[in-house]
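Undergrad: Read top to bottom, the protein sequences are chains A and B. For the first sequence, position 228 (counting from the first letter as 1) is numbered 396 according to this note's numbering, and the numbering increases by one without interruption. For the second sequence, position 8 (counting from the first letter as 1) is numbered 785 according to this note's numbering, and the numbering increases by one without interruption.
No wet-lab data here; the hints were simulated from the structure. It is possible that some hints are incorrect.
Pair ranges (Cβ atoms, derived) [claimed, not checked]: (1) B:Gly807 to A:Thr352: 38 to 44 Å; (2) B:Ile795 to A:Glu345: 30 to 36 Å; (3) A:Glu345 to B:His780: 49 to 55 Å; (4) A:Ile285 to B:Thr944: 36 to 42 Å; (5) A:Leu188 to B:Gly870: 22 to 28 Å; (6) B:Leu890 to A:Ala578: 29 to 35 Å; (7) A:Tyr214 to B:Ser872: 52 to 58 Å; (8) B:Leu890 to A:Glu345: 53 to 59 Å; (9) A:Leu188 to B:Thr1045: 33 to 39 Å; (10) B:Leu890 to A:Asn191: 30 to 36 Å; (11) A:Glu345 to B:Leu982: 49 to 55 Å; (12) A:Ala578 to B:Val797: 48 to 54 Å; (13) B:Leu1094 to A:Thr352: 26 to 32 Å.
So, partial list: chain A residues that the calculated Cβ filter (under 7 Å) puts toward chain B [as the list claims (entries may be wrong)]: (14) Leu293; (15) Ala297; (16) Arg300; (17) Met302; (18) Gly314; (19) Gln317; (20) Asp546; (21) Ala553; (22) Phe554; (23) Tyr557; (24) Trp569.
Away from chain B, derived, C-beta distances all over 10 Å, residues of chain A [said to hold, decoys possible]: (25) Ser179; (26) Ser211; (27) Gly221; (28) Asn263; (29) Leu269; (30) Arg270; (31) Ile274; (32) Asn313; (33) Pro339; (34) Ile365; (35) Pro372; (36) Gly428; (37) Gln440; (38) Arg461; (39) Glu484; (40) Asn540.
Note that this is a predicted model, so its numbers are computed, not measured. All C-beta atoms in this analysis are idealised placements derived from N, C-alpha and C, irrespective of residue type, glycine included.
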Amino acid sequence: MTTSNERPAVSRARRTLAVLEANVIPIFFFAICSVGVYYSGISWSYIANDLVGRLARDLVLVLALVVPVVAGLGLNFAVVLGAMAGQVGLIVVVNHGVHGLRGLLIAAAVALPIALIAGIVTGRLFNKARGREMITGIVLGFVANGIYQFIFLFLAGTSLIPMGNAEMIRPRPFPMEPAGLRNTVDLDPVKSALDNIFKITAAPAAPGPDVSGTAAPNAFEVTAQFSWAKFDLGRMNSGESSVYLEIPVVTFLVVAVLCGLILLLFRTKLGQDFRSIGQDQHVAEVAGINVNRTRVIAICISIVLAAIGQIMFLQEIGTMNTYNSHEQVGMYAVAALVIGGGTVSRAGIRHVLLGTLLFHVLLLVSPRALFNIIGRGDIAEYFRAFVVYGIVAVSLVVHAWQGRRRAKAASPP
Amino acid sequence: MKHLKKILATIGYARLLIIVFLVAVFIVAGRMEGLSVQELASSSLTRIGMWGILVLALVPAVQCGAGLNFGLPIGIVCGLVGALMSIEYGLNGLSGVAGAALFAIPFALSTGLLFALLLRRVRGHEMMVGTYAGFSIVSIMSIFWVVAPFKSSKLILPMAGKGVRPTIDITGLYAGAIDRIGSFKLAGVLFPTGVLAAFIATAALLWLWGRTRAGSSMRWSGTNPRFALSCGVRVDRMYILGIVLSTILAAIGTVMYCQSFGRIQLYTAPLFMAFPAVAALLLGGATTQRATVAHAVIGVILFQTLLTIALPVASELLQGDVNEVTEVVRLIVSNAIILYALTRRERVST
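From just these sequences and the hints, can you work out the full model?
TA: Structural data, given as structure tokens:
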């Protein structure tokens, strides 16, 4: 007699197929990226260096999407509100000319209450729009964007919201007074403030004066740069073309800590509550979980993370497009998560990491690759948009499909 | 008194508030210098005609049970293709507009069909899937415009020799062709009778169709599928009919929009065009489950008039640039209306 604890005899092939089916999208994108890398002709070292920067600045934004998915709220397009909160923090800091890491911390401190309020409002709205959270998130993002623009285009710099730093204000044609923030704001005071704390750089080594033409080709030296000192870590030789790599260690440390916190979160009761709500709201309610309040908390976490993520993003880039930087944050982050294998109902750290990686490789290589394949340079941006929208569309369709299949299977014929 | 109360209740207190607000803004506008009430009124009328059919296009989709058709850009893009083909074949004036509509219809029919089949598989998630399907189609079409085989000099980018321009000025061709039919000026206000007549005619036709057997079947399929099924209506077919009709009307509405606007805007312009249309429909009293032609007509009149009149006033008050204020306030108002509708608890039909 066989016990019911025995694993059902599913063949190896079946299991591999199941794994493949669950990860169709990342595999597909891996293939596309490979094709893209090949046709673009960009060197690995360049890709590596560029990727390091992109990952450092985008990971937290994508990470912000994980908790709402697990809590059954779907893909949280309202992360835009968090991004805007982060930007407000940076605007305040630049306005007062606070420098370096202190500036970033103050920006985060300013952004935090705004993000929390935004999170509570968003969470309450999502509770009212149960079942339609995603489209509500998109529309809410537009409304918030409009309000943000209203404040910073028309009110900032005027007597209603005085700003000390006159350089941030736009001049306008006579007879209008200068008002509104400039389209691009230089974040010089805090540029790379987090990155520069501790960087490991690998750069081509200049041949010493005593070496007469016998310098090893493609030698590069690795240094550890702190903001107060620079240490040589040694020299290495790479067989390939010259290597240039800059790894902002502290930034990645922050990302790692945040990932760790999320993992820890899911071991707490709150994290388990998120999972319960995500699986079945009704059962969770019956089990005594305050579903409404927990959902609001999930959104708050998401939006606060998005604020931090946007601050990290902007400190790396160094300039803020006041009115555009945050616009596509929601759509791009969601696309990255989906590319990594995340769905409306399932998202984990691995999806965040894999997705951001693949997404940025594709963004990096597609312009050149398309140009080499087709010969037109102007398609790249539309191809990028198509990838972003198309992959999320596919994921939404698959999710809806599966939902209906499950419902059909569950209901009696 | 009771009679008056009944009328007020039918109009709806929210709508009443908006009408009062509108009148107030009209009065304020009249008092402000630098703003001509006649110009504002003319603008409003033109914009009502411009957006009219696009908003009507949303009605069949709601009625057949698919909710708010955020995938309107799919039909819009078909309309754009028709508009371009009309120019490519050198059609001007009225024949230009007619040609554009006729060229657009087969595209709208086929893509509408495909879209309907897609939506049918994702019942319950139509709004999200429609939004993103619309975005994807616009993006694919953007790539298409770059490599499109159009040859007319009016369409092609002058430098590259290949690829369509982002904005095509049709003032010489068929812009205003419908607008100008029978237009007259009364008390300084320009009435673009042609396009308004087209709008009212389409609304009337749609309403009449809703009363035919096919139309009623579709409406019942949307509100009460079981009842419709028990009457022998093929609910699935009605669903597809609603979406296809919506897409075709969107295409025709786009042609109207372009001829009224005087420009054809390609590439990423259609991306968010569904949102003002949806907002207008909702303002007219529709919900995600229920919409009638009356909702569309009232909605587009209120919405466009509200924005057209209030925005110059607002920009004067804010000391801002009119274009910027317009864009931002439009963004806030239209999406706030949609947000309100999405967060209302509704009786969800099984």
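Undergrad: So, for every hint listed, does it hold in this structure?
TA: Hint-by-hint comparison with the structure:
1. Between Gly807 of chain B and Thr352 of chain A, the C-beta spacing of about 40 Å keeps the proposed range 38 to 44 Å intact.
2. Separation of Ile795 of chain B from Glu345 of chain A is about 33 Å and conforms to the stated range, judged on CB atoms against 30 to 36 Å.
3. With their beta carbons about 53 Å apart, Glu345 of chain A and His780 of chain B fall inside the hinted range of 49 to 55 Å.
4. The hint said 36 to 42 Å for the Cβ distance between Ile285 of chain A and Thr944 of chain B, and at roughly 40 Å that hint holds.
5. Checked against the given bound of 22 to 28 Å, the beta carbons of Leu188 of chain A and Gly870 of chain B, roughly 58 Å apart, lie outside it.
6. In this structure the supplied range 29 to 35 Å holds for Leu890 of chain B paired with Ala578 of chain A, their Cβ-Cβ distance being about 30 Å.
7. Taking the beta carbon of each, Tyr214 of chain A and Ser872 of chain B are about 55 Å apart, inside 52 to 58 Å as hinted.
8. Distance hint for Leu890 of chain B and Glu345 of chain A: a CB-CB separation of about 55 Å, consistent with the stated range 53 to 59 Å.
9. Separated by about 35 Å at the C-beta atoms, Leu188 of chain A and Thr1045 of chain B satisfy the suggested range of 33 to 39 Å.
10. A hinted range of 30 to 36 Å for the beta carbons of Leu890 of chain B and Asn191 of chain A is consistent with their spacing of about 32 Å.
11. Between Glu345 of chain A and Leu982 of chain B the Cβ separation comes to about 52 Å, which falls inside the hinted range of 49 to 55 Å.
12. Range check, Ala578 of chain A to Val797 of chain B: Cβ separation about 51 Å, and the 48 to 54 Å hint holds.
13. At roughly 28 Å, the beta carbons of Leu1094 of chain B and Thr352 of chain A sit within the given window of 26 to 32 Å.
14. About 5 Å separates the beta-carbon of Leu293 of chain A from the nearest beta-carbon of chain B, less than 7 Å, and the hint is met.
15. Among the interface hints, the one on Ala297 of chain A holds; its C-beta lies about 5 Å from the nearest C-beta in chain B, closer than the 7 Å criterion.
16. The interface hint given for Arg300 of chain A is met, as the beta carbon of that residue sits about 6 Å from the closest beta carbon of chain B, less than 7 Å.
17. Below 7 Å, beta-carbon pairs count as interface contacts, and Met302 of chain A has one with chain B at about 5 Å; its hint therefore holds.
18. Because the beta carbon of Gly314 of chain A sits about 4 Å from the nearest beta carbon in chain B, less than 7 Å, this interface hint is met.
19. Given hint, Gln317 of chain A at the interface with chain B, holds; its Cβ is 5 Å from that chain's nearest Cβ, closer than 7 Å.
20. Given hint, Asp546 of chain A at the interface with chain B, holds; its Cβ is 6 Å from that chain's nearest Cβ, closer than 7 Å.
21. A least Cβ separation of about 4 Å between Ala553 of chain A and chain B falls short of the 7 Å threshold, and the interface hint therefore holds.
22. Of the supplied interface hints, the one on Phe554 of chain A holds, with its beta-carbon coming within about 4 Å of a beta-carbon of chain B, less than 7 Å.
23. The beta carbon of Tyr557 of chain A comes within 4 Å of a beta carbon in chain B, closer than 7 Å, and the hint placing it at the interface holds.
24. Restraint check, Trp569 of chain A versus chain B: the minimum CB separation of about 6 Å is within 7 Å; hint holds.
25. A cut-off of 10 Å between C-beta atoms confirms that Ser179 of chain A is not in contact with chain B; the least separation is 30 Å.
26. At roughly 28 Å, the least C-beta separation between Ser211 of chain A and chain B is larger than 10 Å, which holds for a residue marked as non-interface.
27. The beta carbon of Gly221 of chain A is kept farther than 10 Å from every beta carbon of chain B, the shortest such distance being approximately 26 Å.
28. Non-interface call for Asn263 of chain A relative to chain B: holds, since the shortest CB-CB distance, roughly 21 Å, exceeds 10 Å.
29. Non-interface call for Leu269 of chain A relative to chain B: holds, since the shortest CB-CB distance, roughly 34 Å, exceeds 10 Å.
30. The beta carbon of Arg270 of chain A is kept farther than 10 Å from every beta carbon of chain B, the shortest such distance being approximately 33 Å.
31. Separation of Ile274 of chain A from chain B is adequate, the least Cβ-Cβ distance of about 28 Å exceeding the 10 Å criterion.
32. Consistency note on Asn313 of chain A: stated as away from chain B, yet its beta-carbon is not over 10 Å from all of that chain's, at 7 Å minimum.
33. Every C-beta of chain B lies more than 10 Å from that of Pro339 of chain A, the closest at about 12 Å, which supports listing it as non-interface.
34. The Cβ of Ile365 of chain A sits about 38 Å from the closest Cβ of chain B, beyond the 10 Å cut-off, so the non-interface label holds.
35. Listed as a non-interface residue, Pro372 of chain A keeps its Cβ farther than 10 Å from every Cβ of chain B; the least gap is roughly 39 Å.
36. The claim that Gly428 of chain A is not at the interface with chain B holds, since no C-beta of that chain comes within 10 Å of its own (minimum 32 Å).
37. Gln440 of chain A, annotated as away from the interface, keeps every beta carbon of chain B farther than 10 Å; the closest lies near 28 Å.
38. Taking the minimum C-beta to C-beta distance to chain B, about 18 Å, the non-interface status of Arg461 of chain A holds against the 10 Å cut.
39. Once the 10 Å rule is applied to beta carbons, Glu484 of chain A is consistent with being away from chain B; the minimum gap is 27 Å.
40. A cut-off of 10 Å between C-beta atoms confirms that Asn540 of chain A is not in contact with chain B; the least separation is 16 Å.
Comparing the model with each earlier hint shows violations of hints 5 and 32; every other hint is respected.
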